[in-house]
Amino acid sequence: MLSEDAEEVLREIAQRLEMDIVPAKPKDAAEKLRDELGKTDVFKVLKISAKHFHPMVTTSMDIGNLHRTIKSVTLKLFHEKNFPVDAGSYLRVGDDELAHLIKLVLEGDRESSGRFVGVLGGARDRLWDKFVSVLDDVKMSVAEWMLEKWVGDLRGRRIVMLAEFSGVSYDEWPNAFIGDADRIVGEGELTMGIMQVLQSVPISNKIAVWFDSSDLLRYFKVMFRGIGDESNQSVRKDIFLDVDFPYLSLVRALLRVYQELDSGGGDEVERFVSCLRSSGGGLVFVSVDRGDRRVYLVPKLDQFAENWLLSHGDVNYVEILLEMFDNVQMYLRGLENAIGSKRKSEFNAAKTQILLKLDNLCYGLLERGKAAPSVVRDLVDVLTFFNVKYNIAFPTFRNLSIILVR
Amino acid sequence: MFLGEGNLDETSKKTSGAKSLYNWGYRFGVVLLCNASNKYDEDTAEHLLLRVLKELRNERFPDRFKFKLTMLLTDILTDIGGDVSFPSDFKSGEDMKLDKFYRASSLILMGLWDSLVRFRSNKNDLCGEVIGNA
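Residue numbers (the numbering used here), protein chains in the order written: chain A, 1 to 406; chain B, 1 to 134.
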């Protein structure tokens with residue numbers, strides 16, 4: 001375990017940065033919860049609310065337990081107020097029924113709750129506070145969760161593997177440590193690692209990025225403030241928000257920040273490019289599922305900025321790249337229709353194959369500032385395969401060909 | 001922009017090397033689709049192009065790709081007619097480096113696919129261009 005001092009420092013950092021780790025305040029999530037209650041069951045509501053959290057937290061959070069907690073808290077309150085629900089056997093209460101009851105309390109619906117109005121008294125406010133505090137608890141436990149996971153996973157591992165969240169621990173394979181036994185993960189690296197996670201900015205539902213440049217981080221924070229907001233129509237339509245391909249998401253995020261700044265006018269966009277050119281790199285955190293989290297290194301972004309963001313004659317490469325992403329998105333929708341809604345797994349397999357190639361292509365753009373020809377050929381082959389199999393066509397290869405010969 | 005959609009000859013003159021390969025693929029696709037649809041029908045034309053795409057996609061080595069491309073060109077153009085020269089990048093007898101080959105073959109495949117998309121959306125204009133260019 002970490003020493004108490006180190007743990008204290010980490011806790012302080014976590015608390016200071018809690019607005020970063022939970023971009024939307026718990027109160028917002030609770031409000032969302034109230035809006036959705038009655039429309040759907042509690043479990044779904046919790047899942048929607050969870051989207052307000054940092055992707056690293058959301059996918060690691062035990063939503064099932066949170067569900068049970070809220071359910072039991074609610075029923076206990078009902079019981080205290082003599083609401084006609086048997087708190088002892090709350091498991092028998094269906095989600096829909098519970099959602100309806102919570103809605104009655106929260107909205108103080110006099111007509112529907114009728115004879116219970118007098119009994120409810122201050123229950124509504126208390127229940128409301130409970131929702132907020134339960135979500136608050138989750139937020140506060142994030143720092144502890146970070147500590148536990150990082151300490152448990154990384155302590156005693158090779159420092160060189162830090163970025164991979166894995167590697168071999170000294171206990172597991174002492175021979176692997178010959179020559180670099182002093183380079184195993186210590187408290188300093190752990191503290192740094194946790195800070196990186198806490199400071200990272202979510203750019204999609206599963207991915208967060210961290211850069212060594214605080215200016216770059218600031219641009220991302222401003223741009224991706226509303227990420228995970230399901231009420232946003234354009235966000236809901238975005239197929240890339242739920243994918244777990246790091247470089248693909250990063251390139252798209254960089255281009256979107258650039259485009260946003262460029263459309264705003266002024267010299268902000270030049271500062272952004274200058275930040276990218278001087279940046280030393282960063283990390284992409286991907287959280288796929290509970291227990292499945294990965295970290296990828298972001299290479300230095302000077303080549304990327306040089307080749308794709310700076311203007312080169314009349315050609316706007318940012319638009320070309322963004323159009324390519326749009327084409328892929330359009331194609332995937334066409335593919336989904338062609339495969340049919342009943343064969344979801346078949347579509348998911350196809351989607352993964354295509355996006356994996358695109359992710360490889362994006363890695364080349366980031367690392368060398370160029371698309372690797374073999375990767376482009378792979379992508380074309382995969383698209384050809386699905387085009388022929390499902391009798392559809394990629395909207396146009398125009399953008400991809402420009403990217404290839406750049 | 002180097003792309004030859006609707007303006008094949010002009011863009012070919014302006015660009016060279018890798019860029020013109022996309023145009024070559026596009027042009028070959030257009031000639032194949034238009035001539036085959038005139039001689040047979042649209043379905044057969046599309047079927048022929050898909051055959052070309054499938055066969056070329058399977059070739060991951062320069063020599064085999066070149067061999068297959070030669071065969072397909074000879075086979076198909078003898079049947080449906082049309083004047084398409086062999087792409088200059090594949091003419092040389094020297095061994096092609098893999099990166100260069102991947103770039104070249106990808107561009108040809110992309111050009112072929114885009115000709116099919118254009119054919120499906122606007123056959124009349126596309127085939128008018130070919131006749132005009134000829």
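Hints were generated in silico from the structure; no laboratory data involved. Worth double-checking, as some hints may not be accurate.
Only pairs whose alpha carbons sit at most 25 Å apart, straight line, appear in this in silico DSS-like list of lysine-lysine [what the hints assert, rightly or not]:
no., chain 1, residue 1, chain 2, residue 2
1, A, LYS351, B, LYS54
2, B, LYS91, B, LYS68
3, A, LYS389, B, LYS54
4, A, LYS344, A, LYS300
5, B, LYS54, B, LYS97
6, B, LYS97, A, LYS370
7, A, LYS342, A, LYS300
8, B, LYS54, B, LYS123
9, A, LYS351, A, LYS300
10, B, LYS123, B, LYS39
11, A, LYS300, A, LYS370
12, A, LYS370, A, LYS389
13, A, LYS389, B, LYS97
14, B, LYS91, B, LYS123
15, B, LYS68, A, LYS389
16, B, LYS123, B, LYS97
17, B, LYS100, A, LYS370
18, B, LYS39, B, LYS54
Some chain B residues flagged as far from chain A (calculated, every beta-carbon gap over 12 Å) [as the list claims (entries may be wrong)]:
no., residue
19, GLY93
20, ALA104
21, GLY111
22, PHE119
23, LYS123
Backbone N, C-alpha and C define an ideal beta-carbon position, used for all residues, glycine too.
Cross-check of the supplied hints:
no., hint, in the structure
1, LYS351(A) to LYS54(B), "20 Å, holds"
2, LYS91(B) to LYS68(B), "13 Å, holds"
3, LYS389(A) to LYS54(B), "10 Å, holds"
4, LYS344(A) to LYS300(A), "38 Å, violated"
5, LYS54(B) to LYS97(B), "23 Å, holds"
6, LYS97(B) to LYS370(A), "17 Å, holds"
7, LYS342(A) to LYS300(A), "43 Å, violated"
8, LYS54(B) to LYS123(B), "22 Å, holds"
9, LYS351(A) to LYS300(A), "29 Å, violated"
10, LYS123(B) to LYS39(B), "15 Å, holds"
11, LYS300(A) to LYS370(A), "14 Å, holds"
12, LYS370(A) to LYS389(A), "30 Å, violated"
13, LYS389(A) to LYS97(B), "31 Å, violated"
14, LYS91(B) to LYS123(B), "31 Å, violated"
15, LYS68(B) to LYS389(A), "21 Å, holds"
16, LYS123(B) to LYS97(B), "37 Å, violated"
17, LYS100(B) to LYS370(A), "14 Å, holds"
18, LYS39(B) to LYS54(B), "22 Å, holds"
19, GLY93, "22 Å, holds"
20, ALA104, "8 Å, violated"
21, GLY111, "8 Å, violated"
22, PHE119, "10 Å, violated"
23, LYS123, "14 Å, holds"
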